[in-house]
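There are 2 protein chains.
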Amino acid sequence: MQALTEYLNSEYGIRFNNNALLIEAFTHSSYVNEHRHLDLTDNERLEFLGDAVLEISVSDYLFHEYGHHPEGLLTRLRSEIVRETSLYHFSLDCGFDQYVRLGKGEEQNAGRKRPSLLADLFEAFLGSLYLDQDLKAVENFLSKVVFPKIKGGVFSHGMDFKTKLQEYLQQSGEVSISYELVDTFGPAHDRFFVVEVYAGGQILGQGKGRTKKQAEQMAAKSALDDLLNNKS
Amino acid sequence: MQALTEYLNSEYGIRFNNNALLIEAFTHSSYVNEHRHLDLTDNERLEFLGDAVLEISVSDYLFHEYGHHPEGLLTRLRSEIVRETSLYHFSLDCGFDQYVRLGKGEEQNAGRKRPSLLADLFEAFLGSLYLDQDLKAVENFLSKVVFPKIKGGVFSHGMDFKTKLQEYLQQSGEVSISYELVDTFGPAHDRFFVVEVYAGGQILGQGKGRTKKQAEQMAAKSALDDLLNNKS
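Protein chains in written order, with my numbering: chain S, 8 to 239; chain U, 8 to 239.
Just so you know, the hints here were simulated from the structure itself, not pulled from any lab data. All figures in this text were calculated on a predicted structure; none of them were measured in a lab. Be a bit skeptical, because a hint or two may be false.
A pair holds if it fits inside one copy or across any two, identical chains being indistinguishable in the list.
Stated by the list, open to error - Straight-line C-alpha distance at most 20 Å; calculated SDA-like pairs for lysine to any residue:
1) K219 - I184
2) K143 - Y68
3) K156 - L47
4) K228 - F168
5) K120 - I21
6) K215 - A10
7) K171 - H44
8) K143 - D67
9) K215 - L11
10) K171 - H76
11) K120 - G102
12) K143 - K156
13) K120 - L176
14) K169 - E13
15) K158 - F192
16) K169 - G216
17) K158 - G74
18) K228 - E18
19) K143 - Q213
20) K171 - R22
21) K111 - L81
With the rest of the complex left out, here is chain S:
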């Protein structure tokens, strides 16, 4: 475990007061099962706690960072961030797979790279850090490995264009976005709608679609494309 404590210290400036907690976090149940005589504890209870520690840390961050996002958007973002696939990647980014103690069977079954195992490990580590220190220490750690990704838009994929446009524009404060139907054409069975999107009275884009909703999405997409291209 010395390698791990040195790594955490040099990489993240983290020093545990109680190393037993850190060891517990990096001990998978398969290891405990193969070493029953040692009376070890696996990391599952710490994972239970860490799950909630992650949830509050991320929620607090999102709440303050996106002061103008409505609740629905915050909830969607949060669930993207705390899902297994995301935690798995955080764990890999931190190199935690190199340090977890596994049983031989688990090792042979490629458990060391298994997403659910590494996601649980990430939560267990947060749980141990919270117990050993406090929420502040956890947030400090996350501000190095998770929050920059949120800010970089890693979890904003899969969002519809209207939501993304809103997210983008509201970074710099409250803004009123409106969509206006400016044209419809074609016969009833083959109709097209044209919508323009405005913010602060200024036109940002235009879109066409077979429904009003689709046209709005296309207008938002066109606005986003423009905004992002001009920025870069």
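Since chain S is already given, all that's left is putting chain U on it; use the hints.
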């Protein structure tokens, strides 16, 4: 809102530094929609935050209170505690339904007693308390309105204590457990049963219930509580 601040102070010793946060927590979106000229904020973002605040507070409590419960049991308990029906009852217990600001339509539709609305209100209040003060203040409040219920076994229904006791005792080898009916009292339509549970000839606990089955469950629960407390 003065009634609410006085009530929180006298009932729970809570004084907000920023009353605007408290007011926001008790403002339903239906009220905001009917008073657009006032530029109010509804409690949905606070609810988003409060959801996570509740989760960590309850998790921390369970983790420490049940130092020997496995993760699966903790997770099951937690989900019972934070589900909508439970939060609805906490909200009612606290009399929060008397203070929430609703729109007229919502009021006429009995919104003031709607479970989801009151559950969200409870979370929003926790979110506001956390923002105004800290997690400690939230835990202090929950130690008055939620934790005693957990300790009282309110959320342990649906759990099979007999199975759990058997699992617990058999960790250290095969053991024979028996349940004995030792008393019944009350008239036929209001009868109570008293059961004692034994293992290895030793009494481990006693339980009372309206059916023999229920009394057995309570006896097993009492035995488990004793065993788990003595271990820690």
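Evaluation of the provided hints:
When the C-alpha separation of K219 and I184 is checked against a cutoff of 20 Å, the pair qualifies only within one copy, where the shortest distance is 16 Å, while the shortest distance between copies is 64 Å. Taking CA atoms no more than 20 Å apart as the test, K143 paired with Y68 passes in both settings, with 12 Å inside one copy and 19 Å between copies. Taking the closest pair of Cα atoms, K156 and L47 never come within 20 Å of each other, the shortest separation being 35 Å inside a single copy and 32 Å across copies. Proximity of K228 and F168 under a CA criterion of 20 Å is satisfied intra-copy only: 5 Å inside one chain copy versus 53 Å between copies.
Neither within a single protomer nor between protomers do K120 and I21 lie at most 20 Å apart by alpha-carbon distance, with minima of 24 Å and 48 Å respectively. For a Cα distance limit of 20 Å, the shortest separation of K215 from A10 qualifies neither inside one copy, at 42 Å, nor across copies, at 54 Å. Taking identical chains as interchangeable, the C-alpha atoms of K171 and H44 are never at most 20 Å apart, the minima being 55 Å within one chain and 24 Å between chains. In this homomeric assembly, K143 and D67 come within 20 Å of each other (Cα to Cα) both inside a single copy, at 11 Å, and across copies, at 15 Å.
Neither within a single protomer nor between protomers do K215 and L11 lie at most 20 Å apart by alpha-carbon distance, with minima of 40 Å and 51 Å respectively. In this assembly of identical chains, K171 and H76 lie within 20 Å of each other by CA distance solely inside one copy; the values are 10 Å within and 43 Å between copies. Proximity of K120 to G102 under the C-alpha cut-off of 20 Å is restricted to the intra-copy arrangement: shortest distance 11 Å within a copy versus 50 Å between copies. When the C-alpha separation of K143 and K156 is checked against a cutoff of 20 Å, the pair qualifies only within one copy, where the shortest distance is 19 Å, while the shortest distance between copies is 29 Å.
Taking the closest pair of Cα atoms, K120 and L176 never come within 20 Å of each other, the shortest separation being 39 Å inside a single copy and 36 Å across copies. In this homomeric assembly, K169 and E13 never come within 20 Å of each other (Cα to Cα): the closest approach is 46 Å inside a single copy and 43 Å across copies. Within a single copy, K158 and F192 get their C-alpha atoms no closer than 27 Å, and across copies no closer than 66 Å, so neither meets the 20 Å cut-off. For the homomeric pair K169 and G216, the shortest alpha-carbon distance inside one copy (14 Å) is at most 20 Å, but the shortest distance between copies (57 Å) is not.
In this assembly of identical chains, K158 and G74 lie within 20 Å of each other by CA distance solely inside one copy; the values are 13 Å within and 37 Å between copies. Taking identical chains as interchangeable, the C-alpha atoms of K228 and E18 are never at most 20 Å apart, the minima being 32 Å within one chain and 47 Å between chains. When the C-alpha separation of K143 and Q213 is checked against a cutoff of 20 Å, the pair qualifies neither within a copy, at 36 Å, nor between copies, at 45 Å. Taking the closest pair of Cα atoms, K171 and R22 never come within 20 Å of each other, the shortest separation being 39 Å inside a single copy and 38 Å across copies.
In this assembly of identical chains, the alpha carbons of K111 and L81 never lie at most 20 Å apart, being 41 Å within a copy and 28 Å across copies at closest.
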